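**Q** First to last, the protein sequences are chains A and B. Residues 47 to 156 in this note's numbering are what the first sequence lists, from first letter to last. Residues 5 to 119 in this note's numbering are what the second sequence lists, from first letter to last.
Hints may contain errors.
What the hints assert, rightly or not - Footprint (simulated), chain B over chain A, 3 or more residues, beta carbon under 8 Å: (1) 66-79; (2) 83-95; (3) 138-144.
No lab work stands behind these hints: they were computed from the structure. Quantities reported herein were computed from a predicted structural model and do not represent experimental measurements. Where a beta carbon is used, it is the ideal one built from N, C-alpha and C, also for glycine.
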Amino acid sequence: SQQGEEDPQALSIQEGENATMNCSYKTSINNLQWYRQNSGRGLVHLILIRSNEREKHSGRLRVTLDTSKKSSSLLITASRAADTASYFCALFNAGNMLTFGGGTRLMVKP
Amino acid sequence: NAGVMQNPRHLVRRRGQEARLRCSPMKGHSHVYWYRQLPEEGLKFMVYLQKENIIDESGMPKERFSAEFPKEGPSILRIQQVVRGDSAAYFCASSPRVWGDSPLHFGNGTRLTVT
Chain A
47 SQQGEEDPQA
57 LSIQEGENAT
67 MNCSYKTSIN
77 NLQWYRQNSG
87 RGLVHLILIR
97 SNEREKHSGR
107 LRVTLDTSKK
117 SSSLLITASR
127 AADTASYFCA
137 LFNAGNMLTF
147 GGGTRLMVKP
Chain B
5 NAGVMQNPRH
15 LVRRRGQEAR
25 LRCSPMKGHS
35 HVYWYRQLPE
45 EGLKFMVYLQ
55 KENIIDESGM
65 PKERFSAEFP
75 KEGPSILRIQ
85 QVVRGDSAAY
95 FCASSPRVWG
105 DSPLHFGNGT
115 RLTVT
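Chain A on its own, in the form it takes in the complex (with noise of 0.2 Å):
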């Protein structure tokens, strides 16, 4: 299988914990994203990392990529209620299309 697989299924946090979510995948990729999806919305896209890249950071957001264990990470640190979503991997490898994983359920209580 081409997707990512999303560890934790759900989370469950304290508002100003931090959130970290993986990401395990067997095929190799040209890049990871991840998103995040809102109850009854679209995806929204968060970050892209490239097979090159270790690392990125978005404000809160900051992940990782280890292509030798094939597996992401997405850490939220000081979440907040706001921050209550699904959250997805997509892998992006050439000739082929994305593909999203299951998610991450995370519920961040205030």
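Chain A is already provided as a structure; the job is to place chain B on it using the hints.
**A** Chain B alone, transformed into the frame defined by chain A:
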């Protein structure tokens, strides 16, 4: 600058009817993608189109489903003779360049319910 526009937001069809889902990409985007999402699941790729061309339809069911992206107007996903199993959220996305190299911009989806 409007984002990806999908309509209708909700669509109810009886078994055997046809469903037409429309998608207008972001301005300047010529690449359109359709995905299907079942409740509590991820998105499954269906089809990738450019203006007047189907580039990759490997995720489309062979029967009853078709897609187009005409020279003028929105992209259309058409489902003929709908069945209950077609009930899902259908998302359209667009990008300015061939996918993978740039992020996808998603619409808010059409939720199809087949009764």
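**Q** Can you take a look at whether the stretch 66-79 of chain A is actually covered by chain B? Rule is 3+ residues, C-beta closer than 8 Å.
**A** Since three or more residues must qualify, the claim that chain B covers the stretch 66-79 of chain A holds, with 3 doing so at under 8 Å.
**Q** Quick check: do three or more residues in the stretch 138-144 of chain A have a beta carbon closer than 8 Å to a beta carbon of chain B?
**A** This one holds; 5 residues, not fewer than the three required, reach chain B with a Cβ under 8 Å.
**Q** When I compare C-beta atoms, does the stretch 83-95 of chain A have three or more residues closer than 8 Å to chain B?
**A** Answer holds; 7 residues pass the 8 Å Cβ test.
Hint violations for this structure: none, all hints satisfied.
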